[in-house]
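Chains as they are written, first to last, in the working numbering: chain A, 1 to 306; chain B, 307 to 832.
Quick caveat, the hints were computed from the structure, so don't treat them as lab data.
These numbers were taken from a predicted model, which means no experiment stands behind them.
Please note that the accuracy of each hint is not assured.
Partial list, derived from the structure: chain A residues whose beta carbon lies under 7 Å from chain B [claimed, not checked]:
hint, residue
1, GLU171
2, ALA175
3, ILE179
4, GLY180
5, GLY220
Per label pair, the in silico range of CB-to-CB distance [said to hold, decoys possible]:
hint, chain 1, residue 1, chain 2, residue 2, range
6, B, ALA439, A, ILE123, 35 to 43 Å
7, B, ALA374, A, VAL83, 29 to 37 Å
8, A, ILE123, B, ARG704, 53 to 61 Å
9, B, ASP554, A, PHE303, 48 to 56 Å
10, B, ALA439, A, LEU278, 29 to 37 Å
11, B, ARG704, A, LEU278, 31 to 39 Å
12, A, PRO141, B, ALA439, 34 to 42 Å
Note that the Cβ used here is the ideal one computed from N, Cα and C, for glycine as well.
Given next are the chains, with one letter for each unit.
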Amino acid sequence: MELFFLILQAIIIAPIPLIFVAIGELVVERSGVLNLGLEGMMILGAIAGFSVTLDSGSFVVGIAAAALAGALAAGIFGVLTQVLMSNQVATGLALTIFGLGLSALWGQGYSGESTAPLAKIHIFLLSDIPIVGPLLFVHDPLVYLAFALVAGVAWFLTRTRAGLILRAVGENHDAAHAIGYNVVAVRMAALVFGGACAGIGGAYLSTVQTPFWVENMTAGRGWIALAIVVFASWRPGRLLVGAYLFGGVTVAQLHVQGFGIDIDAQYLSMLPYLVTILVLVLISHNKARSHLNAPACLGKPFFASA
Amino acid sequence: MTGTALLQLSGITKRFPGVLANDEIGFSVAPGTIHALLGENGAGKSTLVKMIYGVMRPDQGEMRFDGAPYAPARPSEARARGVGMVFQHFSLFEALSVAENVALGMNKDAVGKDLDRLIIEVSETYGLSLDPARFIGSLSVGERQRVEVVRCLLQNPRLLIMDEPTSVLTPQEVDVLFETLRQLSSEGCSILYISHKLDEIRTLCGRATVLRGGQVVADCDPREETAKSLAEMMIGTSLSFPERQEPDLGDERLVVAELSVESPDPFGTDLVDISFSVRAGEILGIAGVAGNGQVELMELLIGERATEDGAVRIDGQPVGRLGPTERRRRGMCSVPEERLGHGAVPDMSLWENVILSARTRKGIENNGFLDLGIARDFARQVVETFNVKTAGIEHAARSLSGGNLQKFIVGREMLQDPTVLVILQPTWGVDAAAAADIHRALQELAKGGAAILVISQDLNELMAISTSFAVISEGRLSEPRPTGSLSVEEIGLLMGGVHSSVGRGASAEKGASVERGASAGQGAAR
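Next comes chain B alone, as it looks inside the complex:
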């Protein structure tokens, strides 16, 4: 692993209005190594890799690739030199098929007639199963990431940049991905690996560069560091993880009874006979591989789709037919999976985004008029309480880094004092310190008497915070059990095992019956 560096950066500087995103960054990536790029949200990691991939250009500094000067003006030049990238906010086209998306991300001469066969071959070789004919719009976040990964692998890259690749994968999928990455690195491909998960970096990476505030603060061998020491380099202060407390359970606040609903999406998952309840003080964690009905369940719980009146109850009141605003009024707040476009309006300022979900519970709306003073104060309160890094509440939601926006959205919901909180992927793409903050806040909220439902693919997260635990697979929910009665490995096997042993493959079945869409559009329950 010695010799000349594959990629060498020196003095890379990038300024945005009001922010110095990268300040004189210099490090090098050796051939065939897995090199971690570590840093908090807003430390400048995404900006840096965008410059390496040719999406942006540095203001100052120079890059060398394979000994020669390297200044890609556009991504196709980077690809031609052998640099591939998996984006954090995926660069996929929802209305196009998997095969078409792959073809678009490859340079012209690399696309052959038998692309479908190649996709299947590569996806099977690396255990990332994909159907080239499916439309991206019908894929879950986890499946979408596979498309991005396969797209890069098809081009035999010499340097693969991965921005937060494991945040939506199950432990088994992570293991498979790591095998893939190790295989690639043994074949001589270097990998620039961005992650907040310190344990992963310690098991996977041979080298790590730590960024803080746009500067390189450390260069180390992560295998010789502890997770704690890495985190301290990254944050500069000491960490405290949430402590497990014995739950003090009250009455049932959220009750779901015999919920069976066909998905309106031809490629979606039907929900089959889902029943559970969440009591005051309880945090119910629902685990499952992406695309097993999590999104459909979320839509029904928070009122984006209506169902039968009695199927969902908040504090005993039936709310199945009510919309999100009415459910909020009754105490239910929610955080969806997709931050940009679902959790927040990208082009609206932070205080405007606050109005969208908090107008009823915070009294911002009075007789049809908005009290902007309350909205601004509340937005400021969210930013301060949850330590959101932003130049101010006037800035658009889009301008925040992924993790900061997540903290903002979670904070906006939690500070409305919900009695029931439904939250999907609470810490997707959030660094360790922020994740710990969010987890602690969730536990405090539960202690205060709220019922919390966390749907996540991060098992470690669910094990750390939930008081009871269930698995969703192909639209069916397992019996919730107290957390701690199962190990992470057992649960992972349960998820995978249930997934393949339940013969009635709901998703495969749906794929073949697009014409059913009209009747499914009624959203008729049972």
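This is chain A alone, in the form it adopts within the complex:
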């Protein structure tokens, strides 16, 4: 029972970095930009968060530095793709490679160090509920922030005028331009937000979850986050489902063998990707419906006409 409780707790924490990275990318893709540099922005956030937390002794300053690092990387991507009109796919891949390299250089002096665990917040009264209380309402602040962010993005996209403009730019940038919206400015803002989220996601990994610095420690999580956005068909609510499905499998593969079930861990590692392909097939199956999901201008360059 005690072990089961610990596994459940681990499952709740495991997808938090994925949620941060994916919710940022969701906003970016809704604005019509495909940023494949998630892995690079995430690892930059990881090392920035880890090194600054360690040097300053302040967790808050560390997380802020991680967000800034991610946002800066996304800003570079934005200038290249939105202003200088470079290819989004190629630039995103370059950003990933750049991030992995720069973080390795930056992190040379930080191997073997460790940050202090983050204090957990007990939510008044709710945390006193037996079993459910400690499971759901005793966590560090970033866990709550992740959920607040998902709810906030959902609200922003469907209930605010700015969110409507963002979706409009992602759906038909020519029409948005004709009506008089600044397509490039909207996309730059979305990119910077997405970069900051990816940075925080990386920092959560290096300062809270692990908590130490290893080169390439994101280990493909940026790509999984990208898959989650597609899995979620660009809806924040479904994004949580996807993150827990994928994160849950990651935790499960650590424990399955402990329970004596005879299955190779590699098969479980493949599962999230197989599920993503399955979901892609399912949402692409009905043309009329997929049309209502994917932003129509996703990945297309915007040239202002006259």
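Keeping the supplied structure of chain A fixed, place chain B upon it in accordance with the hints.
What follows is chain B alone, placed relative to chain A:
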């Protein structure tokens, strides 16, 4: 209607690479008038109104609005001054709802909480029925235009620019729109009205400015002119309209039998038991209000969606399961409704666009290789025969004006010598001279033994060219009858009447059952 002009233009000039689109244009629009802007395709009308709406800026010249200098850098500035515009290629977002599209086209402070109620109110006041919750992607072209019109009306504009507003409306809808426009003008709003339909301009507009080749060639009162004299100002030469000939009918070339298909689009129209045939030499015109199954019927006829083998036959051969290329090989060519993106690839050159549909029938493709020489020659032939105005066949399809592109697409299909031609809205957004050319070409093609199916919302057009006539309403087709046995008014009433009296509202029913989409995706017939 006298006093200072609401909008005054002087010396407006705009150059594009290789083209002088507007050359020293000057005229003025008085308050509360309906002012026509008349000209052939490529005369520079669209460019001019885009500058008035702030989408483009003139190279030279100045504009004054309400006596004050007016140089909008972006559309929101134009809207803030009281200028609204309905675009020819609509500026709508397919995956967003009607209400969201309306909100996007309005300035921030004008959008309130009760937008849905306002949309319903305005749309009912002006007889342009709209459901704010529907997605644009599920609306027909005619319904999309209503969204644009309502969007403008909600902002109480002082000048409303309308680019080809009636080309997709039925006579009744046109009458309603005209009532709306007259009401607006009596309330003091000026309207800049772009149309190719000379009769409309004569009944509606109090003033007309005629453009030709980017210059103002005439300024007149259209009510004192005849359609012929206006057309001559516009084109500079005399017009000849196609003559009605008695059809010389041959064998049945296109046969459709008991076609009943659910639409894959949750908001689409199901087709119910459609049967008809078109004989050699016959032009069957199918009329109907937008969104009554025209697009679905077209998809099934030309093979974009498959159905049962025997449901569609060309010259006796069942083709229901075959795709468009195979049907082309058997003699069926087609022109879809949407020019950019369906009829032509916008960013490809004209000769590349020729390859897409003519590669089998013109022998451009041989064993997987393309003979580009044939493609270029054929593209040149289309441009010359159909008098397409373009700087050359190397230019992208997108660079052509709407009417010129339509002439190109129609020409590309007709010059492939089809035995069956299916054509949707053949002259949407095409000027009178070009429309007459297209009509004449269609009639010649039919005379040569082809079977032609024209699906259009322009009744005058169908009355002018078709030899037999039917109406599609909520996915059902009326019995085809010889053209001329009914008047335009009777047919219009039939369309409207059938539309509301058939109780089983297919489109309303579909709207409520999105979850049915999975089974509809099979496209199962009957």
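Hints, verified against the model:
1. GLU171: Cβ of A:GLU171 sits 4 Å from chain B, so the hint holds.
2. ALA175: Check passed: Cβ of A:ALA175 comes within 4 Å of chain B, closer than 7 Å.
3. ILE179: 5 Å, holds
4. GLY180: Cβ of A:GLY180 sits 4 Å from chain B, so the hint holds.
5. GLY220: 31 Å, violated
6. B:ALA439 to A:ILE123: 35 to 43 Å: Given range 35 to 43 Å: holds, Cβ gap about 38 Å.
7. B:ALA374 to A:VAL83: 29 to 37 Å: Holds - the Cβ-Cβ distance for B:ALA374 and A:VAL83, about 35 Å, lies within 29 to 37 Å.
8. A:ILE123 to B:ARG704: 53 to 61 Å: The hinted range 53 to 61 Å holds for A:ILE123 and B:ARG704, with Cβ atoms some 57 Å apart.
9. B:ASP554 to A:PHE303: 48 to 56 Å: 52 Å, holds
10. B:ALA439 to A:LEU278: 29 to 37 Å: 31 Å, holds
11. B:ARG704 to A:LEU278: 31 to 39 Å: Taking Cβ atoms as reference, B:ARG704 and A:LEU278 lie about 38 Å apart, which means the hint holds.
12. A:PRO141 to B:ALA439: 34 to 42 Å: 39 Å, holds
This entry does not satisfy hint 5, going by the numbered hints stated previously; all others are met.
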